[in-house]
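For the protein sequence lines, the chains are F and R, in the order given.
Counting from -10, one number per residue, gives the positions in the first sequence under the numbering used here.
Counting from 9, one number per residue, gives the positions in the second sequence under the numbering used here.
Keep in mind the hints are simulated off the structure, nothing from the lab.
Take the hints with a grain of salt, since some may be wrong.
Cut-off 25 Å, straight-line C-alpha distance, at most; resulting in silico cross-link-like pairs (DSS-like, lysine-lysine) [to be verified]: (1) R:614 with F:124; (2) R:241 with R:256; (3) R:11 with F:109; (4) R:614 with R:25; (5) R:614 with R:574; (6) R:11 with F:104; (7) F:124 with R:11.
Sample of chain R residues lacking proximity to chain F, with all beta carbon distances greater than 12 Å (derived) [unchecked claim]: (8) 79; (9) 154; (10) 159; (11) 253; (12) 304; (13) 315; (14) 345; (15) 348; (16) 477; (17) 579; (18) 678; (19) 761.
Using N, Cα and C, we set each Cβ at its ideal position, and we do this for glycine too.
Single-letter residue listing:
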Amino acid sequence: MLLELKNMFKWVTVGGNRIFLLKDINLQVQEGEFISIMGPSGSGKSTLLNVIGMLDGFDEGEYNFLHESVHKLKEKQRAQLYKQYIGFVFQQYHLIDELTVYENIETPLLYQDVKSSERKAMVADMLDRFNIVGKKDLFPSQLSGGQQQLVGIARALIAKPKLILADEPTGNLNSRQGEEIMELFTQLNKEGVTIIQVTHSEKNAAYAGRTIHLLDGRIEKHINN
Amino acid sequence: MFKNYLKTAFRNFSKNKVYSFINIAGLSMGLACAMLILLYTKDEVSYDRFLPGVNNIYRIVSKEVNPDGSIAMQSGNTGSFHGPAFASGVPEIVSFVRFQGDYVNIKKGTEVLGQEAHFVDSNFFSMMQFPLLHGDGKTALQQPDAVVLSETVARKFFGSADVVGKTLKLQRNGTFKPYTVTAVAKDCPQNSSIKFQMLTKMELRPDEISDRMNWFNFFLNTFVVLAPGADVKQVEKKMMRFYETDAKEMIKIVAEKYNFKAKSEYMLQPYTDIHLSKDYRADNGMVGASNPMYSYILSGIALFILLIACINFVNLTVARSLKRAKEIGVRKVVGSDRRQLIAQFLGESYIICFVAFVLGLGIAQLLLPFFNDLSNKALSLAYLFDLQLISGYAALFFVTGFLAGFYPALVLSGFNPVQTLYNRFRLAGKNYLQKSLVVLQFSLATLLIIATTVMYRQFHFLVSKDLGYNDKHVLTVPNISKNEIAVFRQELLKNPNVEQVAVRNNGFNGTLARVNGNKEIEFTMDWVDADYLPLYKIPVVQGRNFSRSFTSDTSSAVMVNEAFVKAAGWKEPVGQVVDFWYREKKYTVVGVVKDHHYAALSEVIKPQLLCNDENNFGLAVIRIKEGSAAAVLPYVEQVYKRLLPVQPYSYEFKDISNQRQYEAEAKWKKMLLFGAFLTIFISCIGLFGLSVLSAEKRLKEIGVRKVLGASVTTIVKALSKDFLQLVLVSLCIAIPVAWLLADKWLQNYPYRAALSWWLFAATGAGIVLLALLTVSYQAIRAALAKPVKSLRTE
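Extracted from the complex, chain F is given alone in its bound form:
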């Protein structure tokens, strides 16, 4: 098992009232799964994704990731853990504007102290695989949305994560570009990468093995596709 959430709660206190963002979440994810998270705006999809990605904390419950109890880890160890095993893809791509395509993809490796020659090889592989070798010296602003998202995914994959967390990866793309990204995810999943994506689109959700529906911070239903 890759990760497990048990009785997880997350809330914020506004004006003395506790507002629940996540309510009693129980979720098990096996290695190699492809999961979609759906639900209306404000249902807690992104929050759940961020908690799984360890970018955000929670207030009650347990979180085990690869047999580590995340809730017991210190900030630093947690960072170490997601740095090594998790890659993120965002709706707004979130590339660093001042860096070129090549440099953006390279950045995670820098933070993992990968040697220069090795870095070169890994980035070259990635550019090759995504067919963007010709664009490696361009800046994000010179790319189309679909191309930017490709770079975003390449950056998420470069460090060979076990888990990809994608927050509406196709939300800013047209349907053709969206389809390409979904095909890519399917392909990656076949190669053994676990993927959890948040999406609004039924069609894109269908690419996954199962779909989790959230409503007001709680899991409403699991659907196996």
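Could you slot chain R onto chain F? The hints should help.
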């Protein structure tokens, strides 16, 4: 990794040119100032330390302590007697050198040139090991007709430095005698308190060394070398014991004869302390005495400027952080930890700081001549360039980079990635830090600007105040005695441009006498002829002026000023007697002159006594027609040379020499102006940067307001208001402080320009206007922009 940071940094800088310019411009100016001050300070503390064995050289100094414990006088001077006397009575004093500054006339062909010279003991070079170019220091000053020259002077008289054995004609006791050059020394370093140009052996009359009355004669510097390991405190005690035994009788006589109750105390002042000493200054042939106050003021200003530049950096970086929030979030998500981000942002501040540092070095080099003029020095980067200076500059670089970069790095690296990446990010709180920093900047700038205006007004007051006499178009020529004055006047008056010629003593003379039988009065005594008062247009308010028709005037008449009359308490001054009891001489007052500022305006008008005795005449005073200086000057010189062919000729304009009394003020004025300009400039560009960022941040708000029908004026108002409030707060803080400081400073002047409210009001209004211009430019631009654009980008 480093490369990645560097790339991000440079792309960021070039993308945000305004921001980079503000930071680099401000920091480089601040750094340049700090560099100059560091150079100045290094020069100050390195003074005199180049002499080998300098730690064992001391100067004999003395003070006179009144019976009530107050100090009557402190002086670094001694007489010709003290050195030999102490050396014979205190075994720890190994050797002594007397050093006296003077001025000699030298004949070069038919020309007579004045030359600064020093009289020293023959062992001068054994104690003060100034390097020699030619000759042997041990023997150079053995003979009474030996002369040692500095390289510059040797070249001046002979055209080369290798002139040992050649002769120069020096005027001693009225006649020119040949002196043989025995050595040529390298010019003394710029950081030396002794800068001799010419040395000859001190010649003393036998009685100057034998007569114990000379314990009370002070006119030169005496340096001593102590035995190795001698305890200075013990030596001083022995010196006092020796003095009290050896001079016992003399002390008694002086006390009785002059009613002199103060007790003399002798001490040793380390040679290296002389330069910065306030109590025992470098004088009487020693030069460069410095007031540490200058160092403090200069350092203060430089620190202000650097601080303000650092504040710009902190404020702009934090304010701009919104733009970089996304980058920070992304970096965190892809695996950077906080330490690495701190390193990255601190690194960026160091890159900026480095560019500013290099620029600063250039600016410092450019400003050096100006700075040397201000600080009375001849500094250069090259001459003090050593490991110490380099490490000082390196420290400056690191501290500045840290000061500017650390806080922003801490703030930026602490951003929460989830918030930054989901556009939920707001800069926390009301930004009190940024606001207080802006307030601090503008308070400092205001303070300096007000200080400058007050300084300017006071300076203007000093140089333009009515002195009670007319110093315009008046020329003074020294070295005219009673023997020449009659002919000199006669010849000069032949020229139609010369209106009046008078004569007085050269220099100032303070003394005391008794009035009303036994009341002692201290006063300034001047010797003038009958033409002096009319020439300067000084009115006689009672009695009469000196007159050639009263032959007794030269021997028994005096005039006094109103302050003297007041001090003496006279109702009827004319006919009163002034008794110089110690010279057994009495004078009768024949007239009273109106009080006038015969001394600098930094002093109140003290009692003054004018005497007609021609034996002390020495300075001719010439009134010429307005605008005739060019025509008259050569004529005066020609007359003088004909009359006195073996005297060096010089002249001075009285109004210019009066102005020179305020040289210190003139320097402070320039210094403050410079500092004020830089602080307000850097503060304003910082404010400009903040207004740019604030307008960018509020682009959407402005768009919405315009769509809802807001006019350009209301938007400009809304955008400018916040900053103007800060400036107003600064004014409220700075003005009272400035008022207090200015008032305190002005207390140093008995005659001062009044501090008026409008001065502060005008300065305040000026600063508000400047700030308004700075922020409104950006505000207007933002307000005029089309709202469609700003709203669509969201």
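*Any hints from earlier that this structure breaks? Give me their numbers in increasing order, please.*
1, 4, 14, 15
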